[in-house]
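Trainee: As a plain string of letters, each chain reads:
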Amino acid sequence: MQLLFALISGLLISAGIAVSKMIDPQKVLSFLDVTGNWDPSLALVMAAALVVYTLGYKLLLKRDAPLLNKQLILPSKQHLDRSLLAGAAIFGIGWGLAGYCPGPAIAALPAASSGTTGFVITMILGWFIAGKIPIKK
Amino acid sequence: MNNFTPVAALIGGSLIGLGTLLLLATLGRIAGISGIASLALFQRDGRSWRLAFVAGLLLGPILVGLVINDFSFSTPDLNSRTLVAGLLVGLGTAWGSGCTSGHGICGIGRFSPRSIAATLMFMATGVVVASFF
Chain A
603 MQLLFALISG
613 LLISAGIAVS
623 KMIDPQKVLS
633 FLDVTGNWDP
643 SLALVMAAAL
653 VVYTLGYKLL
663 LKRDAPLLNK
673 QLILPSKQHL
683 DRSLLAGAAI
693 FGIGWGLAGY
703 CPGPAIAALP
713 AASSGTTGFV
723 ITMILGWFIA
733 GKIPIKK
Chain B
98 MNNFTPVAAL
108 IGGSLIGLGT
118 LLLLATLGRI
128 AGISGIASLA
138 LFQRDGRSWR
148 LAFVAGLLLG
158 PILVGLVIND
168 FSFSTPDLNS
178 RTLVAGLLVG
188 LGTAWGSGCT
198 SGHGICGIGR
208 FSPRSIAATL
218 MFMATGVVVA
228 SFF
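These protein sequences, in sequence, are chains A and B.
Each number in my numbering corresponds to the 1-based position in the first sequence with 602 added.
Each number in my numbering corresponds to the 1-based position in the second sequence with 97 added.
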């Protein structure tokens, strides 16, 4: 049952990435590049997702537990640290270079483009390296 | 703004919101794509649900393509810029504990100060790099 709902969740998210055209890195770059013909679509995608998620989250907090688990598993860290901020800055640089964040890059893999595949391979390499070499808080 | 697609953005964004919410409502988990995909590869514990989620990620656009009978979207060329970008996205999302989904939607949706700071940071560097490089 967990597997089925995890699959449907991933499917809904990537369907949304495709419908909103955020699967297309040129579409993402037309939002991030503010010097050209600016396209605010990505902001609207995030706003719509946030409204749905925030309202649902508030409703969920009133329940005792999620349907298939004992409790919500939420990140426990509260404070900002160097790893968070440096990591986010580095992620943004990569995002701005190619127009891909992890979701759209993985969702576009079935298109079998060499560029997408190459991006995902070096992204996985990055996850591996960062796992071996953590940044001190 | 002649490339602005507000209706597609609102429908697509709502689907993304529903998908992230579904994972929280059922498994009680945050739908952070970088974390789920990397742990699916590098951690044995909890691998099966993470692999199922990634399988869903691969299927969604195929399903949408079948429904609207349109599979066309651009993909990047295979060059050093694309490969460096992938490496930076991997390093940055691991060190920064999240990406656009985990911080930008799930984290901000819970009003997490860490996620708000991370999102402002990657938006800022993303805009600077995409605009000037």
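These aren't lab readings, by the way, just hints derived from the structure by calculation.
Hints may be right or wrong, so weigh each one.
[Unchecked claim] To give an idea of the chain B side of the interface with chain A (calculated C-beta under 8 angstroms), a few residues:
#1 Asn100
#2 Phe101
#3 Thr102
#4 Arg126
#5 Ala137
#6 Leu138
#7 Leu163
#8 Thr179
#9 Ala191
#10 Val224
#11 Ala227
Glycine residues also receive a C-beta, built at the ideal position from the N, C-alpha and C atoms.
Trainee: Hints first: check each against the structure and report whether it holds.
Mentor: Going through the hints against the structure:
1. Asn100: Holds. Min distance 5 angstroms.
2. Phe101: This interface hint holds because 6 angstroms falls under the 8 angstroms limit.
3. Thr102: 5 angstroms, holds
4. Arg126: It holds, given that the least Cβ distance between arginine 126 of chain B and chain A is near 6 angstroms, below 8 angstroms.
5. Ala137: 10 angstroms, violated
6. Leu138: Where the cut-off is 8 angstroms and the nearest Cβ of chain A is about 7 angstroms from leucine 138 of chain B, the hint holds.
7. Leu163: 11 angstroms, violated
8. Thr179: Nearest chain A Cβ about 5 angstroms off; hint holds.
9. Ala191: 3 angstroms, holds
10. Val224: 5 angstroms, holds
11. Ala227: 3 angstroms, holds
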